[in-house]
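Novice: Turn these sequences into a full structure, and let the hints steer you where they fit.
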Amino acid sequence: MPLNALLNLCVTGDVNPPTLAQAGFRVVGMEIGVVCASGGKVTIDVVLMNEEAGHLLLCEVKSGNNIEDEQALRYGQIDARSVVVAAAITLPQKGNLTVEVVYVCLSEGEERITQGLNAIEVDYPLISVDALRIKLLRTAAASTHLRSAFPGDCVDLIAPPAALIDIDHDSSISDFVKKTRPYLVRAAARRIEEVSVPRICEDLFPFYRRYQPSVRNQIAKRVQAALKQLAQEDPDTYRYESVPDGGPEGVVRLLRKPEEFDNRGRTAAYQSLARVSRRRRAKPVDPNQLDLLAELGEKAETDEDPEATGEAEPS
Amino acid sequence: MTSRANMIDRLSCDASSPTRTIVLEAHDPSNDADSGAVLAEIFGSVNVVDTDDAYLKRAFVDNSEVWIDQLQGRFWSLHTKLAMSKIYPLLREKVEAKRELDWLWLPSNHLEHLWPKSNSSRVRTKFQGHDFLPPSDPAQDLSINLSGSGAERLLDYISRDERYRSAVSFDSVQVSLNENSGRLVEAVHRMGRFVVNGDIEYHLQFVNVVVERYRNLVNLCERSTLSWDAIGQGDFAGMTFSGRPIALRFSREIPDMEQFAASIFAARQPFRLWAIPEIGADGVIRADAVDLHVGQSVRLEIGRQWMRIYLEPGGCGNAVVRLVSNLQHRFDGKLEFVDPSLQAALDLRKPAVVAT
Numbered sequence: 001m002p003l004n005a006l007l008n009l010c011v012t013g014d015v016n017p018p019t020l021a022q023a024g025f026r027v028v029g030m031e032i033g034v035v036c037a038s039g040g041k042v043t044i045d046v047v048l049m050n051e052e053a054g055h056l057l058l059c060e061v062k063s064g065n066n067i068e069d070e071q072a073l074r075y076g077q078i079d080a081r082s083v084v085v086a087a088a089i090t091l092p093q094k095g096n097l098t099v100e101v102v103y104v105c106l107s108e109g110e111e112r113i114t115q116g117l118n119a120i121e122v123d124y125p126l127i128s129v130d131a132l133r134i135k136l137l138r139t140a141a142a143s144t145h146l147r148s149a150f151p152g153d154c155v156d157l158i159a160p161p162a163a164l165i166d167i168d169h170d171s172s173i174s175d176f177v178k179k180t181r182p183y184l185v186r187a188a189a190r191r192i193e194e195v196s197v198p199r200i201c202e203d204l205f206p207f208y209r210r211y212q213p214s215v216r217n218q219i220a221k222r223v224q225a226a227l228k229q230l231a232q233e234d235p236d237t238y239r240y241e242s243v244p245d246g247g248p249e250g251v252v253r254l255l256r257k258p259e260e261f262d263n264r265g266r267t268a269a270y271q272s273l274a275r276v277s278r279r280r281r282a283k284p285v286d287p288n289q290l291d292l293l294a295e296l297g298e299k300a301e302t303d304e305d306p307e308a309t310g311e312a313e314p315s
Numbered sequence: 001m002t003s004r005a006n007m008i009d010r011l012s013c014d015a016s017s018p019t020r021t022i023v024l025e026a027h028d029p030s031n032d033a034d035s036g037a038v039l040a041e042i043f044g045s046v047n048v049v050d051t052d053d054a055y056l057k058r059a060f061v062d063n064s065e066v067w068i069d070q071l072q073g074r075f076w077s078l079h080t081k082l083a084m085s086k087i088y089p090l091l092r093e094k095v096e097a098k099r100e101l102d103w104l105w106l107p108s109n110h111l112e113h114l115w116p117k118s119n120s121s122r123v124r125t126k127f128q129g130h131d132f133l134p135p136s137d138p139a140q141d142l143s144i145n146l147s148g149s150g151a152e153r154l155l156d157y158i159s160r161d162e163r164y165r166s167a168v169s170f171d172s173v174q175v176s177l178n179e180n181s182g183r184l185v186e187a188v189h190r191m192g193r194f195v196v197n198g199d200i201e202y203h204l205q206f207v208n209v210v211v212e213r214y215r216n217l218v219n220l221c222e223r224s225t226l227s228w229d230a231i232g233q234g235d236f237a238g239m240t241f242s243g244r245p246i247a248l249r250f251s252r253e254i255p256d257m258e259q260f261a262a263s264i265f266a267a268r269q270p271f272r273l274w275a276i277p278e279i280g281a282d283g284v285i286r287a288d289a290v291d292l293h294v295g296q297s298v299r300l301e302i303g304r305q306w307m308r309i310y311l312e313p314g315g316c317g318n319a320v321v322r323l324v325s326n327l328q329h330r331f332d333g334k335l336e337f338v339d340p341s342l343q344a345a346l347d348l349r350k351p352a353v354v355a356t
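Top line first, the protein sequences correspond to chains A and B.
Each residue of the first sequence is one higher than the last, beginning at 1 in the numbering used here.
Each residue of the second sequence is one higher than the last, beginning at 1 in the numbering used here.
Hints in this document: simulated from the structure, not taken from any laboratory.
Glycine included, C-beta positions come from ideal geometry on N, C-alpha and C.
Among the hints, a few may not be true.
To be verified - If we take Cβ atoms under 7 Å as the criterion, some of the chain A residues that face chain B in the derived model are:
| hint | residue |
| --- | --- |
| 1 | 11 |
| 2 | 29 |
| 3 | 31 |
| 4 | 88 |
| 5 | 190 |
| 6 | 206 |
| 7 | 270 |
| 8 | 271 |
| 9 | 274 |
Specialist: Structure (structure tokens):
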């Protein structure tokens with residue numbers, strides 16, 4: 001959630017206020033590896049830039065409650081020009097570049113993170129996120145550019161942060177099941193008969209082929225586990241076929257194809273794939289089933305009526 | 001030799017019989033669909049012939065003909081003298097079965113502001129909220145069929161009443177135009193069906209203007225597609241991010257989240273969205289849905305008074321407009337996009353003017 005909350009403040013047109021975008025910041029890079037002058041490397045989670053001010057905001061996003069001391073110290077040594085090069089940022093005008101490090105965390109971790117930053121004597125500001133509010137803490141250390149995005153040091157959210165990123169390689173198997181099931185329904189809608197694990201990985205993770213082998217393997221294993229679970233739950237619809245060496249590069253076959261039915265059967269087949277019991281409101285009369293006015297002689301037209309012509313002849 | 005002029009002659013020849021136009025959206029994210037093959041599947045390969053105009057084809061149906069004009073790219077206009085009761089069922093069967101084709105889903109606002117300075121002589125509104133609203137709602141279903149010069153004023157009056165304003169949603173409109181450009185009586189249905197008496201050249205431009213306004217909305221939706229682009233070549237060296245969720249704001253609260261989710265993700269008409277929605281502890285519905293019209297993924301988050309639509313790369317903006325248009329007729333006729341440019345393209349307070 002902290003990463004999505006940060007990104008959410010940078011996108012306009014959402015229900016939540018885009019306060020970072022309004023303060024002039026936009027996302028110019030994510031997961032940017034930068035070499036430090038003292039040696040070692042830092043992978044910056046998100047780089048924001050205020051173009052007009054030439055100000056870079058290097059964001060380290062923490063899902064947990066702890067910081068890595070070495071990493072935090074290295075952040076303080078990053079040169080702005082190295083970030084420009086690493087993230088391939090286009091600078092439209094010359095001028096002084098400034099850089100600021102900010103940590104982003106969940107509200108339940110803000111105390112521990114603050115303690116951690118104090119312990120190593122770095123004065124980075126902290127953005128703390130919960131479902132309804134995003135706060136700027138340690139404001140004395142924040143630039144005016146950053147503070148201008150948090151009037152009153154806090155942004156109230158109308159909705160939970162937008163789920164711009166909804167899965168990553170560390171997500172749980174159940175999260176992978178939730179992504180894989182609709183993927184297979186989409187394949188069925190396109191009349192595809194089988195899909196391989198690598199294909200699913202590439203479609204769910206656009207940079208799958210460019211990740212390190214260990215990350216690729218982790219993703220593939222989770223997709224494989226998800227497919228096995230789906231095949232086990234619904235053997236009439238899905239069959240998972242492993243490769244001979246037991247590796248994660250198997251294939252799932254779609255045995256039941258709703259597209260082969262007529263309109264009514266197709267709808268029922270898709271609904272059965274959802275496997276949820278939909279609660280029906282008790283209705284004395286369903287207007288779709290019995291239109292008393294239509295019975296009097298008027299022809300009722302609905303969008304669901306295949307016989308409907310919808311013609312409105314000009315008089 | 002068959003030309004565009006021949007089409008106009010043929011469509012103009014019998015003034016006593018109206019001309020019908022149906023506009024289809026032919027979206028193919030992979031760009032490999034052969035439009036000839038799609039048309040052959042609809043009309044039969046022996047019934048479709050090329051003309052001397054590269055954008056114009058002709059199909060023979062029931063001793064009559066259908067002119068397929070592809071000048072507007074992904075929006076195909078099919079013009080014919082065939083009665084709508086003959087041509088529409090034929091197309092309906094094919095469009096519903098094919099992933100490459102969809103209808104035009106004109107939002108209520110596009111019909112309400114159909115033509116600058118024109119008065120609608122007939123208006124039909126249709127709201128069917130029984131799947132989304134409780135029977136106690138003041139206007140669970142609301143259909144109005146009005147004729148006469150005061151039609152819009154009555155609808156304005158009804159729309160000012162908080163109890164009914166969300167249930168006034170334009171389904172079809174008939175306008176009479178008598179300008180220097182020509183004379184027309186034009187009836188338009190929200191699913192891209194037109195029936196016209198009058199000057200055919202003017203009608204063709206009329207359709208173009210309606211389609212262009214619609215295309216603008218579709219294109220703006222597609223510009224919001226979430227996109228992740230790698231920095232540099234070779235090993236992963238970071239990425240950039242663009243796009244945003246498309247956010248809607250409802251003018252009324254969803255009375256029953258569970259019922260709303262069950263209705264919208266029932267895999268049936270008109271939404272045709274498949275999903276296993278989850279309602280979180282925060283009361284928000286989250287769904288990785290499949291749009292069965294086009295076989296594409298679309299993620300949705302729904303709160304009591306808002307909705308976010310996440311369009312994946314290659315996603316179709318027409319699917320977003322379809323969802324919006326159908327929500328206007330099922331849940332909230334006064335919904336709005338949060339983004340001002342999208343809302344302007346939906347609302348059409350400044351309607352476009354036809355080129356003369």
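Novice: For each hint, tell me whether it holds in the structure or not.
Specialist: Results for each hint:
1. 11: Cβ of residue 11/A sits 4 Å from chain B, so the hint holds.
2. 29: Where the cut-off is 7 Å and the nearest Cβ of chain B is about 5 Å from residue 29/A, the hint holds.
3. 31: Holds, about 5 Å.
4. 88: 5 Å, holds
5. 190: Given a least distance of 4 Å, the restraint on residue 190/A holds.
6. 206: 5 Å, holds
7. 270: 4 Å, holds
8. 271: Holds - the Cβ of residue 271/A comes within 7 Å of chain B, reaching about 5 Å at its closest.
9. 274: Because about 5 Å separates residue 274/A from the closest Cβ in chain B, which is inside the 7 Å limit, the hint holds.
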